[in-house]
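Generate the whole structure from the sequences, applying the supplied hints.
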Amino acid sequence: MTSPIKLCFTISLFTLIGIQIYCEEGKKTSKINAIKVLGSVVKHPRLSYKGRVTVTKWFGKKTRSEEANVYYSYPNHYRWEYLTPDGGIDRIVVGDGKVQSVYLPDDKVLIGKGVNSVRKMMDKEKEWSLLFFNYEATILGEEERLGRTVWILELKPLSPGKPRQHLMVDQKTYVVLENRRFRPGSGKIASLTKYDWFEPIEKLPDTLFEIKKTQDREIVDHGLDPDFLSYEDMEEAWDQGSDIPEAFPSGFVFESGNTFDVLGETVGHYRYTDGLAILSVFVSDQPVSKKFKKEAAPITDHSHANPILLTTSGRVIFKKGENQYYTLVGDLSKKVLKSASELLP
Amino acid sequence: MKQHKEWHLISAFIDNELKSDEKSTVESHITKCSSCRNEYDQLLRIKDLVDTSLRHSMPADLIDNLIRQAEKTTLSERIRRWFQAPQVWIPAGSLATVLLIIGIWMGLTPEQTANTLPLEPLLAAHSRYIGESLVPRRHTSSSNFSIHLARYDDITN
Chain P
1 MTSPIKLCFT ISLFTLIGIQ IYCEEGKKTS KINAIKVLGS VVKHPRLSYK
51 GRVTVTKWFG KKTRSEEANV YYSYPNHYRW EYLTPDGGID RIVVGDGKVQ
101 SVYLPDDKVL IGKGVNSVRK MMDKEKEWSL LFFNYEATIL GEEERLGRTV
151 WILELKPLSP GKPRQHLMVD QKTYVVLENR RFRPGSGKIA SLTKYDWFEP
201 IEKLPDTLFE IKKTQDREIV DHGLDPDFLS YEDMEEAWDQ GSDIPEAFPS
251 GFVFESGNTF DVLGETVGHY RYTDGLAILS VFVSDQPVSK KFKKEAAPIT
301 DHSHANPILL TTSGRVIFKK GENQYYTLVG DLSKKVLKSA SELLP
Chain W
1 MKQHKEWHLI SAFIDNELKS DEKSTVESHI TKCSSCRNEY DQLLRIKDLV
51 DTSLRHSMPA DLIDNLIRQA EKTTLSERIR RWFQAPQVWI PAGSLATVLL
101 IIGIWMGLTP EQTANTLPLE PLLAAHSRYI GESLVPRRHT SSSNFSIHLA
151 RYDDITN
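Here the protein sequences line up with chains P and W, keeping their order. Every letter in the first sequence is one number past the one before it in the working numbering, and letter 87, counting from 1, is 87. Every letter in the second sequence is one number past the one before it in the working numbering, and letter 15, counting from 1, is 15.
Worth flagging that the hints you see were computed from the coordinates, not collected in a lab. Mixed in with the good hints there might be a few duds.
Unchecked claim - Below, a sample of chain P positions facing chain W; criterion: calculated Cβ distance under 8 Å:
(1) V262
(2) K290
(3) K291
As the list claims (entries may be wrong) - Selected chain W positions facing chain P (in silico; Cβ < 10 Å):
(4) G103
(5) N115
(6) T116
(7) L117
(8) P118
(9) L119
(10) E120
(11) P121
(12) L122
(13) L123
(14) H126
(15) S127
All values reported here derive from a predicted model rather than from experimental measurement. For glycine and all other residues, C-beta sits at the position ideal for the given N, C-alpha and C.
So this is what it looks like as structure tokens:
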């Protein structure tokens with residue numbers, strides 16, 4: 001016969017085991033859910049919408065913000081109207097999934113390879129697996145944003161010195177209503193993108209997404225067209241690249257590269273990704289100036305040099321190699337950049 | 001003499017400080033006026049007493065102390081005086097001008113004159129590449145994550 005003490009002990013033990021199993025299941029569920037949510041986020045939202053987004057970036061204690069009116073029409077038409085501080089339109093980005101054009105305030109239109117999104121070298125499945133190899137995706141909970149319930153989806157790097165991100169994903173539409181990127185190893189935000197208002201809409205006029213080519217507008221290219229060469233192509237195209245590693249610590253793997261000219265000197269650009277963060281390694285025969293001119297460019301104009309150093313997390317380090325000079329750039333901690341630089345010849 | 005002379009005129013007469021006309025007037029009055037004559041005598045006695053009294057010489061260190069006290073000024077006063085001296089400003093101004101010119105020259109001269117490449121094109125290339133991620137496509141924006149999300153359409157579809 002079982003004594004009452006034994007009975008109590010057994011019940012307690014099974015209760016504890018139950019709690020443990022429940023917690024483990026909970027962890028698994030949240031992980032599975034996070035990936036599922038992420039999967040849903042990347043699908044084309046089967047709806048059209050409009051809204052206003054504010055992009056804020058922190059540089060030390062200072063911040064810079066830029067607003068944009070956003071129009072999205074299913075399946076892949078979009079229009080972003082970046083606003084000036086007084087509410088006027090600074091520039092407009094229009095795309096249809098194949099061609100993108102940028103209308104600048106001086107009545108110029110950027111169109112073509114320089115502003116188009118280009119297929120990259122890395123295999124999509126590889127990059128996807130790289131993302132989950134280097135980051136842990138977790139649903140931290142739920143919150144209200146703009147009167148809508150969102151999941152707080154965290155992407156946490158598994159190695160230190162890389163930025164962590166929080167995505168506020170609308171539960172009904174899977175649109176990311178807010179995106180917080182934190183400084184590496186810190187709870188401080190480096191950049192924040194969020195909708196100030198958001199409205200799903202049945203149909204937006206097609207005229208919003210027309211790419212106009214009028215004679216009074218000069219079609220130009222901004223000359224920062226990145227070629228997407230494989231590691232082998234880089235070696236062929238540029239004989240100095242043979243000793244550059246194909247991977248770096250903290251999970252960075254070569255994604256693509258290209259060469260370009262600066263003041264008549266050829267510079268090699270090796271780009272690495274861990275599935276989310278980007279590490280650039282520039283190789284040159286001449287040293288690179290450590291001075292940076294902080295020109296007043298829009299923070300979301302990525303054809304400009306400014307955005308990388310407009311957040312506190314943006315870092316650049318220099319290294320003199322045996323035969324070349326290296327410049328490493330990324331939104332990463334100095335330690336991560338330094339450990340990468342130590343592998344350079 | 002119609003009126004008595006004031007004592008300070010009599011004193012000045014004794015000290016031989018009056019002009020000749022004043023001196024003769026006072027002298028004439030004293031001889032005639034007994035009251036002023038008394039005043040004159042009293043002042044003369046006092047003068048004699050002072051002249052004949054015992055004198056002590058001042059200690060030498062006391063004189064030095066008194067001179068130092070008189071010349072003593074505060075630190076701020078001395079600094080103010082130092083800066084007010086024109087001989088300070090001429091070399092200081094010259095030095096400051098030279099330093100300013102050197103500073104401006106160093107600040108404005110591009111570093112690439114010493115065979116260095118500018119950093120901006122490299123940063124722009126990096127940003128442009130990230131911009132591939134950041135190109136506002138579909139429903140995510142301004143994060144590295146956006147492009148990764150956007151580019152997985154084919155996988156997840």
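Right, here's what the structure says about each hint:
no., hint, result
1, V262, "holds, 5 Å"
2, K290, "holds, 7 Å"
3, K291, "holds, 6 Å"
4, G103, "violated, 15 Å"
5, N115, "holds, 5 Å"
6, T116, "holds, 5 Å"
7, L117, "holds, 5 Å"
8, P118, "holds, 5 Å"
9, L119, "holds, 5 Å"
10, E120, "holds, 4 Å"
11, P121, "holds, 5 Å"
12, L122, "holds, 5 Å"
13, L123, "holds, 4 Å"
14, H126, "holds, 4 Å"
15, S127, "holds, 5 Å"
Checked against the numbered hints given earlier, the structure breaks only hint 4 and satisfies all the rest.
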